[in-house]
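For the protein sequence lines, the chains are Y and R, in the order given. Just so you know, we're using our numbering here: the first sequence kicks off at 633 and counts up by one. Just so you know, we're using our numbering here: the second sequence kicks off at 633 and counts up by one.
There could be a bad hint or two in this list.
For chains that are exact copies, the list does not tell them apart, and a pair is met inside one copy or across any two.
[Unchecked claim] Straight-line Cα separation of at most 25 Å, BS3-like style, residue types lysine-lysine; simulated pairs: (1) Lys-1250 to Lys-1219; (2) Lys-1272 to Lys-1250; (3) Lys-972 to Lys-742; (4) Lys-757 to Lys-869; (5) Lys-863 to Lys-1083.
Hints listed in this document are in silico derivations from the structure and should not be mistaken for laboratory results.
2 protein chains.
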Amino acid sequence: MDRQARIDVLFNPRSIAVIGASSTRGKLGNDVMRNLIDSGYQGRIYPINPNAGEILGQKAFRSIEEVPADVDVAVIVIPAKFVLKTVEDCGKKGVKALVIITAGFKESGKEGEKVEKKLVELAEKYEMVIQGPNCLGITNTAAPYNASFSAGTPGKGTIAFASQSGALMTGILDWSLMEKIGFSKFVSLGNKAHLDEADFIEAFGRDPNSTFLLLYIESVVDGKKFMEACKKVIPHKPIFIVKSGVSVAGARAASSHTGSLAGSDMAYDVAFKQSGVRRAQDMASLFDVASVFDDMNLPTGKRVAIITNAGGPGILTTDACEEGGLEIAQFTSETTEFLKSNLPSAASVNNPIDALGTALPEDYELCIEAALKDQNVDSVLVLLTPQAMTKVTDTAKVIVDAHKKNPDKPLLAVFMGGNSMVYPRIVLTTGGIPVFDFPERAVHALSELYKYTVSRDRLKDEKIPKFKVDMKKVERIIAEVRKDKRSVLLGNEAHAIAEAYDIPVARIRLATTAEEAKSLAEELGYPIVLKISSPDIIHKSDIGGIVVGLKTPEEIEIHFNEILDNATKHMPEAKIYGVDVQEMAEKGKELIIGCSRDVQFGPLIMFGTGGIYVNFLKDISFRLAPMTRTDASELIMETKMGKLLSGVRGEAPSDINAIQDTILKISQLVTDFEEIVELDINPAFGYENGKGVSAVDVKITIGE
Amino acid sequence: MDRQARIDVLFNPRSIAVIGASSTRGKLGNDVMRNLIDSGYQGRIYPINPNAGEILGQKAFRSIEEVPADVDVAVIVIPAKFVLKTVEDCGKKGVKALVIITAGFKESGKEGEKVEKKLVELAEKYEMVIQGPNCLGITNTAAPYNASFSAGTPGKGTIAFASQSGALMTGILDWSLMEKIGFSKFVSLGNKAHLDEADFIEAFGRDPNSTFLLLYIESVVDGKKFMEACKKVIPHKPIFIVKSGVSVAGARAASSHTGSLAGSDMAYDVAFKQSGVRRAQDMASLFDVASVFDDMNLPTGKRVAIITNAGGPGILTTDACEEGGLEIAQFTSETTEFLKSNLPSAASVNNPIDALGTALPEDYELCIEAALKDQNVDSVLVLLTPQAMTKVTDTAKVIVDAHKKNPDKPLLAVFMGGNSMVYPRIVLTTGGIPVFDFPERAVHALSELYKYTVSRDRLKDEKIPKFKVDMKKVERIIAEVRKDKRSVLLGNEAHAIAEAYDIPVARIRLATTAEEAKSLAEELGYPIVLKISSPDIIHKSDIGGIVVGLKTPEEIEIHFNEILDNATKHMPEAKIYGVDVQEMAEKGKELIIGCSRDVQFGPLIMFGTGGIYVNFLKDISFRLAPMTRTDASELIMETKMGKLLSGVRGEAPSDINAIQDTILKISQLVTDFEEIVELDINPAFGYENGKGVSAVDVKITIGE
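Chain Y on its own, in the form it takes in the complex (with noise of 0.2 Å):
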């Protein structure tokens, strides 16, 4: 039985132990018992306590051994010293999946780190499942079963929630109560020593009664695990995700490029973008998109038609449209044509659509058809004000009626108001129509479902291109470094791996005398760069030490003496190699091409302007390794710079596909060599169609 396999189990148990029971109200083992029977649970209860007798009408047990039938799941809520044993017995037993709320582990410092490993070997051992520890426990409303301490049962719905922060659940769960907001799994992640979040979000993604998946986190275990689980999901579900801990700042202290711009939290937004998640700030909006997403199918395009009664509101949910990137619709003639005939000569037919303040029930009706209709609408959004002659409670059942005779486009309604809209609002959201005070709200759940199918769409099934290159070269060369002792790699073993991996580079050869120099540099071809070799002179410019330019086999002898006396001079402490010989590339547009690595998402690659600059033009974008072609590209097309690659001011196109391959070569790389913790190429030069790029420093830091 596999993992997924026993989440079925948890979710859908033919018997539940409660280790901890207690018959006493305020402790948890108590609150569990009596949710676990308030909500229904129609499968056996084994209530287990040393002291067995009978709790809450259950008869209990004194320790699983006892129960005379299998045991499914076993809720733990007993001293976190006696769980291991019980983990043992519960193993035994041949439970599937245990609930286990006790904290007390690695939330606790290192001992309690030390038990929870165990917990999990235990586990693992006894083929079981564990959620938590320090958790909340769990709540299906479809089984239904709450085996948790929570105040309440949250309210049966299609939102599946796990949540990181047991707290903000409770929060949640009082208010979701109040708002009338119902949920199909109501998940507490606790320390997410065994089952994670990537292992809920594919539980998620296969339950039959959970459509829409909404998450709670402040970090992930698996980057990659967390990544696949999500892509299994998104073409089927859609999954919005609050992660907090935006603003802490990341400790680590980074000495590339990439590494410093990426910050801590880059790595997380990207592998949301790239596996199709949308990210959320605010957790209280949410629950309008999934409303409107239970009630209607989801947009199949951006371009919205807006109805109004008054042209303010009109022309501010125009602008919250644009601002949530949706369009506002362009309606064919026939739509104009039909509302110019129908409506008064002062209503405005382009869109929004104002009916003015005297329009009646059968004006409403007559333009939301008619947008319905239009073949450039992609979704309605009525709004109305209550002016003198509306009708509020005819114009919300008019609504509804549309709705049901053209039910494929999403339609959404804003009432502006109080106490008057109170009735009519009941009217639409039981006929089935989203309803909101301000249209900014019901626009950002359009919007955010609209990009919902976005991301769905852009996983496509596009196979990481493989570059044929020379990997045998890359270890020796790591070999050679390490051998040396060093974590920075000298510019020649730099390009030199570039080179392996087939990425156009200006080649640089070291050389130890003047006469080696002279005839590498016959080799390269001039002109020639001659750059000191030292991975302790950091700013080789500084001190003389780099000359570009040359021309001949005379100023290659003069430089190279010059170069070492400089470095000599100016640094006498430093370790110097000799000097590189460097071919000089031709100047193109400026490009930086970059890698750090991530503690979860791993190697994380940044494209965008190059130059002394990029740290204060910013203009750049970030995608992880390994990454599709679509990938490449949509990574190079993120910034300014890919617009100016395009071709601007009648400039000619440069080279993109070659830029592409070099930002796949380089994702090959760093996926083959994870010792590789730090790359970047400042600058590449991207050069006209046809006439590719070149790399012209290349920087490499290893690990261990």
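Dock chain R against the given chain Y, drawing on the hints supplied.
This is chain R only, laid out in the frame that chain Y set:
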């Protein structure tokens, strides 16, 4: 009696005539009468109706002349065709302010516009003010009176609200009654024929019952007047404006960089910024801001202390603070020591303070008091989630008491949850503590108030610098251009205007013969640039119309003729004025400085990164002219170029003073000469500190 004094009468009339008063339910004249009576107006009410008699218990008169006493305000709700005559009657009667509810004026077409103009002439003639026409009316809850036809009277409060959309007001009113949000004034601006937003802003500013200004507008009538009114009010009261129409692309075609980059809405953004107004997107969230403003002092800084009983919400709040431009306070060691010795060891005593899920009211109390006392803290956010041991109501009481003891700093509560929070929230609200259900809203309110204090403090009484310039020379050049029936200035003309305003410029002289060119080159000094001078040739380099770096008279001679030949060959139709002989400027940082003209707000100055990629880098910012030295400095520093100019990567800082001077001189130039409709300097080169700046290519277009 000036305009503002007449608005005071409008706000506090001793008597109101309702012209068009009616006994018939459903008529606007009846609604207004009922609102007036129901709102508890204590002055005299004179219903005017041709049938006289009695209306809603008040003696009616056939006409305003018949009223046997003075009338301060007349509310007009009669058909449009009778309004003009009635206004004249009111003028003769000595009425001081008119509220014209009647529609059918400017908004209905040319004819209505003419009548509306006549209304204003009458108002001016008889020294009256007009609100409207085509408006809902006005409510002053402090007077109290409601002279509008809205369904209900707003609650009493301190928010002064004015709206250009009547329908939006109706929705807001209905909603505010449900949400128990109060207003001091509730003003429908209508067509703004006479009194406009600026008049009401100034009046609200002087009104002792209004502390918080909130406006919905689609445009302003008079940019300068609007900004002056705002600047008067901002030192004492915050102004928040929702300005819609952001996304409606400007129809005006722009030929300059500055014009095309400014867009149609940029001038509003800049005008709001320069006059201290906060622009908002979302109306509803502003009521949160108002409510916190009502209850609390303004924060004196951006450092927030967060106190929570759960980690997750604490992190979410931290993120929201940073997003909103607030800072997480660094506690003094005293505070952390105090917390350490008074909280459980597992608690986090750094900000956010996590008093743990077990936190009792006493724990909250000591945390809040410590935070309020800490000199590094400007405001305090208290978060509570309903956990097993949480005493919600007692904690609410503790918060109220803490605020009473230390009322100086803002103290906001976030009680997450639903039904279990209803009573505790009442305890907080009646105790004067603003309370929210999610942290984002609380942080938003705090952040907006903090930003208000920043924009308020920004408005210093700083002089507009005046440089000694040669206006006569500019007048002469413009007169010449006009005589030549051109709107685009030749290079030598534009550069001469810059010279006249003492703007450091690469000098240009127009040569019509090679001999002349040679002698001008001697005068300007080598190297020299030659450029074809023709308003018809835009892309000069494409036709071989530019040669740079000429060093001898011989080169001048050759290229002078070549350039003329190229021009006549490639563009035989072009009118050619000769060849520009131009100084060659040394290369520096490439800047753009430009000006376009906004219909409402006048000259809009742009600064940023210049060169050929201006449109793609979009590293630009804007200010309205005339401007202060602080404005110019901020304008520069808002761009990335500003940071580059300050000196990065060990570079010497550039001559920012000289750049400021140049911006200020351009500001003076376009303020002095309204006929300059567009001006672009691209590039100007910025040099090292002390070495100034040089305008290399100046383009000027003049209008009527």
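Do the hints match the structure? See the list:
1. For the homomeric pair Lys-1250 and Lys-1219, the shortest alpha-carbon distances inside one copy (21 Å) and between copies (24 Å) are both at most 25 Å.
2. Both within a single protomer and between protomers do Lys-1272 and Lys-1250 lie at most 25 Å apart by alpha-carbon distance, with minima of 10 Å and 9 Å respectively.
3. Taking the shortest Cα distances, Lys-972 and Lys-742 sit within 25 Å of each other only across copies (21 Å), while inside one copy they are farther apart (74 Å).
4. For the identical chains of this complex, Lys-757 and Lys-869 are neighbours neither inside a copy (33 Å) nor across copies (68 Å), given an alpha-carbon limit of 25 Å.
5. In this assembly of identical chains, Lys-863 and Lys-1083 lie within 25 Å of each other by CA distance solely inside one copy; the values are 16 Å within and 41 Å between copies.
In this structure, only the earlier hint numbered 4 is contradicted, and the remaining ones agree with it.
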